[in-house]
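Chain by chain, the residues:
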Amino acid sequence: MIQDYIVTVLAAGLVTIQVALVALVISVVLGMSFALCKLSSNAALRGAAEVYTTIVRGIPDLVLMLLIYYSLPALLMMIAKSLGIRTYIEFDSFVAGAVTLGVVSGAYMTETFRGAILNIPEGQIEAGRAFGMGPFKIWRSIVLPQMVRLAIPGFTNNWLVLFKATALISLIGLQDIMFRVKGAAEATRQPFTFYLVACVFYLTVAALSLLVLRYVAKRADIGQKRA
Amino acid sequence: MKKSLFTVVAASAFAFASGAMAQQITIATDATFPPFESIDSTGALVGFDIDLMEAICEAAALDCNIINAAWDGMFPGLLAGKYDALISSLTVTDERRKTFAFSDIYSRPTFRFVAKEGAGLDISDAGLAGKTVAVQTGTPMDAFVSKTFPSANIVRYDGGSAPYLELTAGRADLHMSYEAQIIASFLKDESGAGFELVGPSYTGADAPEFGEGVAIALAPDNTELLAKINEGLAKVVADGTLAAIETKYLTVE
Numbered sequence: 057m058i059q060d061y062i063v064t065v066l067a068a069g070l071v072t073i074q075v076a077l078v079a080l081v082i083s084v085v086l087g088m089s090f091a092l093c094k095l096s097s098n099a100a101l102r103g104a105a106e107v108y109t110t111i112v113r114g115i116p117d118l119v120l121m122l123l124i125y126y127s128l129p130a131l132l133m134m135i136a137k138s139l140g141i142r143t144y145i146e147f148d149s150f151v152a153g154a155v156t157l158g159v160v161s162g163a164y165m166t167e168t169f170r171g172a173i174l175n176i177p178e179g180q181i182e183a184g185r186a187f188g189m190g191p192f193k194i195w196r197s198i199v200l201p202q203m204v205r206l207a208i209p210g211f212t213n214n215w216l217v218l219f220k221a222t223a224l225i226s227l228i229g230l231q232d233i234m235f236r237v238k239g240a241a242e243a244t245r246q247p248f249t250f251y252l253v254a255c256v257f258y259l260t261v262a263a264l265s266l267l268v269l270r271y272v273a274k275r276a277d278i279g280q281k282r283a
Numbered sequence: 012m013k014k015s016l017f018t019v020v021a022a023s024a025f026a027f028a029s030g031a032m033a034q035q036i037t038i039a040t041d042a043t044f045p046p047f048e049s050i051d052s053t054g055a056l057v058g059f060d061i062d063l064m065e066a067i068c069e070a071a072a073l074d075c076n077i078i079n080a081a082w083d084g085m086f087p088g089l090l091a092g093k094y095d096a097l098i099s100s101l102t103v104t105d106e107r108r109k110t111f112a113f114s115d116i117y118s119r120p121t122f123r124f125v126a127k128e129g130a131g132l133d134i135s136d137a138g139l140a141g142k143t144v145a146v147q148t149g150t151p152m153d154a155f156v157s158k159t160f161p162s163a164n165i166v167r168y169d170g171g172s173a174p175y176l177e178l179t180a181g182r183a184d185l186h187m188s189y190e191a192q193i194i195a196s197f198l199k200d201e202s203g204a205g206f207e208l209v210g211p212s213y214t215g216a217d218a219p220e221f222g223e224g225v226a227i228a229l230a231p232d233n234t235e236l237l238a239k240i241n242e243g244l245a246k247v248v249a250d251g252t253l254a255a256i257e258t259k260y261l262t263v264e
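Chains A and B are the protein sequences, given in the same order. The first sequence lines up with residues 57 to 283 when you count with our numbering. The second sequence lines up with residues 12 to 264 when you count with our numbering.
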């Protein structure tokens with residue numbers, strides 16, 4: 057019977073991985089956008105990015121998640137009502153969870169990407185311009201390939217933090233691995249067995265993603281002189 | 012490019028968001044309290060409350076979907092309209108009546124202490140001074156013990172199973188819970204060997220903390236559904252289904 061529970065619990069690990077990957081996509085898009093805002097010459101964009109990273113990095117993930125899950129729909133409905141639209145809005149716990157984690161991790165990604173871009177010698181970009189390259193061409197051929205290499209250590213950290221933070225979503229009822237572990241632990245009253253299963257699951261996924269990222273880092277390092 | 016991607020994300024979030032408008036009744040439970048509600052090895056919901064809710068829905072011709080929610084999120088979810096009702100061994104208290112509407116009472120549980128056999132405990136405030144009592148946070152048992160035995164060392168846990176672990180580990184001297192839950196999920200099990208029920212049986216008649224009994228919670232303005240659920244419950248009581256479910260889960264042999 058315990059084995060059946062373990063299979064059910066591990067199957068819920070798929071939900072955990074899905075949330076983490078969706079959140080990762082959101083965080084990379086946000087991180088890249090706000091990193092560019094922070095480096096822009098436009099003061100309004102810089103200010104907006106500063107507000108985003110300051111606020112989001114200063115609020116615990118759980119607080120933000122509860123706000124988005126419970127309060128944002130209520131707020132949206134209030135706004136809709138004041139506009140004369142009667143509607144019912146509610147967020148699925150998957151959406152609320154993935155968006156929250158994406159927004160939180162996006163703030164950290166912003167700083168990682170900003171730092172990486174800043175570390176690319178300005179002269180290379182000026183050289184690109186001198187060759188008549190447009191901004192998009194400079195971005196694709198000069199900035200992006202070097203940025204990836206420089207951003208990978210920070211990116212890896214952000215990803216691991218994001219991945220482990222998915223465990224918080226069980227609190228808003230997403231049937232992820234932690235939620236199922238709790239249910240199985242209470243049903244069988246064998247918490248150690250099941251928390252150990254969760255432990256092994258997180259460790260395995262983290263180790264696998266480290267391997268993948270190490271491979272990516274190696275590829276991005278090709279042609280670099282070793283110090 | 013970036014903008015269009017953001018629009019897609021926003022639009023899909025909205026599509027998810029407005030998907031739950033169908034006329035199905037969503038009922039939430041916190042499936043961590045065997046034998047009343049728990050998950051089986053396939054992850055499906057099982058237990059006294061689950062069978063009862065299904066019987067009520069059938070009797071009242073409601074299309075019910077019972078889902079497993081986290082305890083903390085259940086109550087805000089009900090008020091936010093995410094769930095239509097909650098069934099989770101909820102005792103009806105004056106405090107809770109201020110915020111929620113309740114169905115008719117379907118069970119009047121008794122509450123007991125469980126402790127090591129032959130511990131010879133004197134169940135009074137003076138007798139429990141220096142003893143460690145484990146309870147689940149935010150439950151009627153927590154409220155009762157906190158008020159009645161202030162000299163005891165009260166430790167509170169999130170889950171229903173942690174107090175039993177503390178008991179078997181010797182870190183707690185007593186635990187208080189629903190008598191049926193103590194028996195079905197602890198004393199019947201081999202880990203409960205050497206433990207016994209101690210002290211008097213308490214009900215709502217003995218202490219207001221234990222409330223009037225157990226019922227289904229709804230949002231206060233949902234009177235239409237409340238009437239239907241009460242109608243279904245009355246049928247289930249009258250035809251003996253409730254008694255059969257009680258026998259199935261709560262019989263002590």
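If you're looking for bench data, these hints aren't it; they were derived computationally from the structure. Be careful, since some hints might not be right.
Said to hold, decoys possible - Here are a few chain A residues that sit away from chain B, every Cβ distance over 12 Å (derived from the structure):
#1 G114
#2 S138
#3 T244
Claimed, not checked - Pulled a few chain A residues facing chain B out of the computed Cβ check, cut under 7 Å:
#4 Y61
#5 A104
#6 G239
Every residue, glycine too, gets a C-beta built ideally from N, C-alpha and C.
Consistency of the hints with the structure:
1. G114: The claim stands: G114 of chain A keeps its Cβ more than 12 Å from every Cβ of chain B (closest is about 23 Å).
2. S138: 18 Å, holds
3. T244: For T244 of chain A, whose nearest Cβ neighbour in chain B is about 9 Å away, the distance does not exceed 12 Å, so it is violated.
4. Y61: 5 Å, holds
5. A104: Violated - the Cβ of A104 of chain A stays beyond 7 Å from chain B, reaching only about 14 Å at its closest.
6. G239: Interface hint status for G239 of chain A: holds (4 Å vs cutoff 7 Å).
Hint violations for this structure: numbers 3 and 5, all remaining hints satisfied.
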